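Now for the letters of each chain:
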Amino acid sequence: MAEQRKRKPMIGLQTDGDVDWSEYRGVMVVVEQRAGQAKPVSWQLLGEASRLAKKLEAPLMALVIGSDVHHLAQEAIYHGADKVYLCDSLELGPYRTRPYSRVCLHVIRTYKPEIVLMGATYTGRDLAGAIATHLPTGLTADSTQLDVDEDRLLLASRPAFSEKMLATILCKQFKPQMATARAGVFEALPRDESREGEIITVAPQMSVDEIATDVLEFLEAADRVNLEEAEIIVAGGRGLGGPAGFAVLEELAHELGGVVGASRAVVDVGWIGHEHQVGQTGATVRPKLYFAIGISGAVQHVVGMQNSGCIVAINKDPEAPIMKISDYAIVGDLFQIVPAITKAVRERKAAGWAPSPFSATRQEQPVPAGQ
Amino acid sequence: MLHIVVCIKQVPDSREIRIDPKTNTLIRQGVPAIVNYFDLHGLEEALRIKDEHGARVTVVTMGPPSAEKALKLCVSMGADEGVLVSDRAFAGADTLATSYVVALTVQKAEQEWGPVDLVFCGKQTLDGDTGQVGPGVACRLDIEQLTYVEKVEHLDPKTREIIVHRHLEDGVERVKAKLPVLITALTELNEPRRASLPGVIRGTRYQPVVWTTNDFEDIDRSKIGLRGSPTIVSKTWVPDPRAVNTKVLEDESTDAAANHLLDELLATDLPQKLGWVKEAVSVG
Ligand SMILES: Cc1cc2nc3c(=O)[nH]c(=O)nc-3n(C[C@H](O)[C@H](O)[C@H](O)COP(=O)(O)OP(=O)(O)OC[C@H]3O[C@@H](n4cnc5c(N)ncnc54)[C@H](O)[C@@H]3O)c2cc1C
Ligand SMILES: Nc1ncnc2c1ncn2[C@@H]1O[C@H](COP(=O)(O)O)[C@@H](O)[C@H]1O
Chain A
1 MAEQRKRKPM
11 IGLQTDGDVD
21 WSEYRGVMVV
31 VEQRAGQAKP
41 VSWQLLGEAS
51 RLAKKLEAPL
61 MALVIGSDVH
71 HLAQEAIYHG
81 ADKVYLCDSL
91 ELGPYRTRPY
101 SRVCLHVIRT
111 YKPEIVLMGA
121 TYTGRDLAGA
131 IATHLPTGLT
141 ADSTQLDVDE
151 DRLLLASRPA
161 FSEKMLATIL
171 CKQFKPQMAT
181 ARAGVFEALP
191 RDESREGEII
201 TVAPQMSVDE
211 IATDVLEFLE
221 AADRVNLEEA
231 EIIVAGGRGL
241 GGPAGFAVLE
251 ELAHELGGVV
261 GASRAVVDVG
271 WIGHEHQVGQ
281 TGATVRPKLY
291 FAIGISGAVQ
301 HVVGMQNSGC
311 IVAINKDPEA
321 PIMKISDYAI
331 VGDLFQIVPA
341 ITKAVRERKA
351 AGWAPSPFSA
361 TRQEQPVPAG
371 Q
Chain B
1001 MLHIVVCIKQ
1011 VPDSREIRID
1021 PKTNTLIRQG
1031 VPAIVNYFDL
1041 HGLEEALRIK
1051 DEHGARVTVV
1061 TMGPPSAEKA
1071 LKLCVSMGAD
1081 EGVLVSDRAF
1091 AGADTLATSY
1101 VVALTVQKAE
1111 QEWGPVDLVF
1121 CGKQTLDGDT
1131 GQVGPGVACR
1141 LDIEQLTYVE
1151 KVEHLDPKTR
1161 EIIVHRHLED
1171 GVERVKAKLP
1181 VLITALTELN
1191 EPRRASLPGV
1201 IRGTRYQPVV
1211 WTTNDFEDID
1221 RSKIGLRGSP
1231 TIVSKTWVPD
1241 PRAVNTKVLE
1251 DESTDAAANH
1261 LLDELLATDL
1271 PQKLGWVKEA
1281 VSVG
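From first to last, the protein sequence lines are chains A and B. Numbering of the first sequence is given in the numbering used here, commencing with residue 1 and proceeding in unit increments. Numbering of the second sequence is given in the numbering used here, commencing with residue 1001 and proceeding in unit increments.
Wrong hints could be hidden among the right ones.
Every beta carbon over 10 Å from chain A, so not counted as near; a handful from chain B, in silico [unchecked claim]:
id: 1; residue: 1136
id: 2; residue: 1138
id: 3; residue: 1159
id: 4; residue: 1170
id: 5; residue: 1177
id: 6; residue: 1199
id: 7; residue: 1212
BS3-like, lysine-lysine: derived pairs with alpha carbons at most 25 Å apart [said to hold, decoys possible]:
id: 8; chain 1: A; residue 1: 324; chain 2: B; residue 2: 1176
id: 9; chain 1: B; residue 1: 1151; chain 2: B; residue 2: 1176
id: 10; chain 1: A; residue 1: 83; chain 2: A; residue 2: 164
id: 11; chain 1: A; residue 1: 39; chain 2: B; residue 2: 1273
id: 12; chain 1: A; residue 1: 164; chain 2: B; residue 2: 1050
id: 13; chain 1: B; residue 1: 1108; chain 2: A; residue 2: 288
id: 14; chain 1: B; residue 1: 1176; chain 2: A; residue 2: 164
id: 15; chain 1: A; residue 1: 288; chain 2: A; residue 2: 324
id: 16; chain 1: B; residue 1: 1069; chain 2: A; residue 2: 349
id: 17; chain 1: B; residue 1: 1022; chain 2: B; residue 2: 1069
id: 18; chain 1: A; residue 1: 343; chain 2: B; residue 2: 1050
id: 19; chain 1: B; residue 1: 1022; chain 2: B; residue 2: 1050
id: 20; chain 1: B; residue 1: 1235; chain 2: A; residue 2: 55
id: 21; chain 1: A; residue 1: 164; chain 2: A; residue 2: 288
id: 22; chain 1: A; residue 1: 172; chain 2: A; residue 2: 54
id: 23; chain 1: A; residue 1: 343; chain 2: B; residue 2: 1273
id: 24; chain 1: B; residue 1: 1273; chain 2: A; residue 2: 288
id: 25; chain 1: A; residue 1: 55; chain 2: A; residue 2: 83
id: 26; chain 1: B; residue 1: 1273; chain 2: A; residue 2: 349
id: 27; chain 1: A; residue 1: 324; chain 2: B; residue 2: 1235
id: 28; chain 1: B; residue 1: 1273; chain 2: B; residue 2: 1247
id: 29; chain 1: B; residue 1: 1247; chain 2: B; residue 2: 1235
id: 30; chain 1: A; residue 1: 316; chain 2: B; residue 2: 1247
id: 31; chain 1: A; residue 1: 172; chain 2: B; residue 2: 1176
The set of hints was computed from the structure by calculation and includes no laboratory data. Just so it is clear, the structure is predicted and the values come from calculations on it, not from any experiment. Built from N, CA and C at the ideal position, the CB exists for glycine as well.
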């Protein structure tokens, strides 16, 4: 079998011999896109990578692969890249592991970045795993903290043991040092159209007839619950009393442009689908704003949402553990409080998010009697 | 007949691991060892293909001698053979070194029992949690990888065509490929079966095939175990519990509390981060 012959020598992959690792300089971010639209995580990684590149006094590079994606190379510069490698070709339209990884390998071997970062998305993980094996090099998955030390080592930290611990991973032996990093963790730089950079075009590394997989179609799931990338999550628990309680949450989520989350307790009893579950056995989330409504705050729930930017807890029990890890806590009946918040949000939005005249904190000066 | 290899790993059920609050270390005692549950979905899919088209299912794992139990379970569910690749020299392997040994094992299984048409891995492990071994194995075997598969729509052993549904953040991708391929399994793929009574008996009696480094002729010892693993864990720690100064909003009325909350939120940098700031907000 032809395949057999081809397959055998691949297993070890590593080319032997000495390599001069000191030639490897700079930080590279692989930009992920679909249909010419970049994933937010790409710009977030460029933001963090620019910090690392400054510390290393080395260039910040981006790699854009796709079909009709020239504009993304420009966007990458606006988001901080000094140099963008662009591989734009028709057959690179839908993501496929081999043609994409061959381009990455070519760029990495030719331009020699010391660090390569990609989003810890389905596509990013698929691609990173292939590239790291080929190079070969060490790859840290799912990082949530990145830094470099004085020896130019990448310190990539990631959750371990179901989010209960963090571990810092190093790769001393090979270059580039690779990591995938989670969406929503790092901040993108403000888009700056005055930024200038260099765009270097790269040729595809596989011909169309060498590509053996075929993406037949992409079925967009408009209603897919995307907790991992949500900026606002309105989550409910057993305090909702039944499936109907989620209607109240949905209204608030809708008003805020957020996504509905849930504790396992309510998923287990079938009040809402499993795809909404936050926590150790559900999604690990990092929204900017998280509402925990009628959720007690069991540790298995908390590990999945403790890295939210701001947490608001609404619970009738002032002693509920969720209150201690929340930035704001309102004690009371959720069926009264949540509709009141929804109403207030509506009013504020109508007023362009200006402070409300009814606002409690605005009444600083006591109104003299009789006036 | 199709030959399917399923890669499994025995893992501590990390969902049950707790942190000792005094020492800040992991309490591993009493944590059960299970077959990584994503891998069971890979096995189930292999068994379904076996039921439908007829296939030989070989389960492989690299691990300590105790992982024999995991293989016995797989055989009781319906796998034909279980291979334990076990050697002290493999200890301390990261994903790069693991994929090397697993790929060698698939290759050797191919020599023993015929060419491999399909390889199943789990989406990720509960302990390693990387999802990197699957792509690594595919890469070393030089076969296509179809990751994060939630459905096998079509498989024709004659034309050797396979169509799967890949799960992505924003939708589903239907992908067609030619065998041989490596698939990584999601839990959505299927519901793993329970072993039948005859299956349990077979599993209990079954003695897995055991291979050590000496069974692999051309193994490169610099690529296995700790030595073959470029990543180093330099530090682990238990993150501090979220350090916050909780503001309890104690207002007279519900409306006052709701507005109080919004005032608080609007005073932070959230409006900017969330794009709530509109020109309507007057400056000064
Ligand atoms: C191995 C394992 C894994 C797990 N994984 C997860 C996971 O991934 N995610 C997860 O969430 N859980 C998980 N759990 C379950 C977890 O331990 C808790 O059981 C669960 O989180 C509790 O859900 P809850 O807060 O909705 O319910 P409860 O603990 O019952 O809390 C309900 C809260 O609602 C409040 N309340 C009631 N009525 C009202 C009202 N009218 N207004 C305001 N407040 C009200 C109550 O005061 C209470 O605090 C896991 C458990 C195990 C053993
Ligand atoms: N030691 C091992 N032996 C066999 N298969 C493994 C091993 N480690 C990982 N795998 C396979 O690779 C998948 C991904 O593992 P990981 O990259 O560790 O998350 C698992 O679900 C298994 O199918």
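- [ ] Determine which of the earlier numbered hints do not hold for this structure and return their numbers in increasing order.
- [x] Hints 1, 2, 4, 5, 8, 10, 12, 13, 14, 16, 17, 18, 19, 27, 29 and 31 not satisfied by this model.
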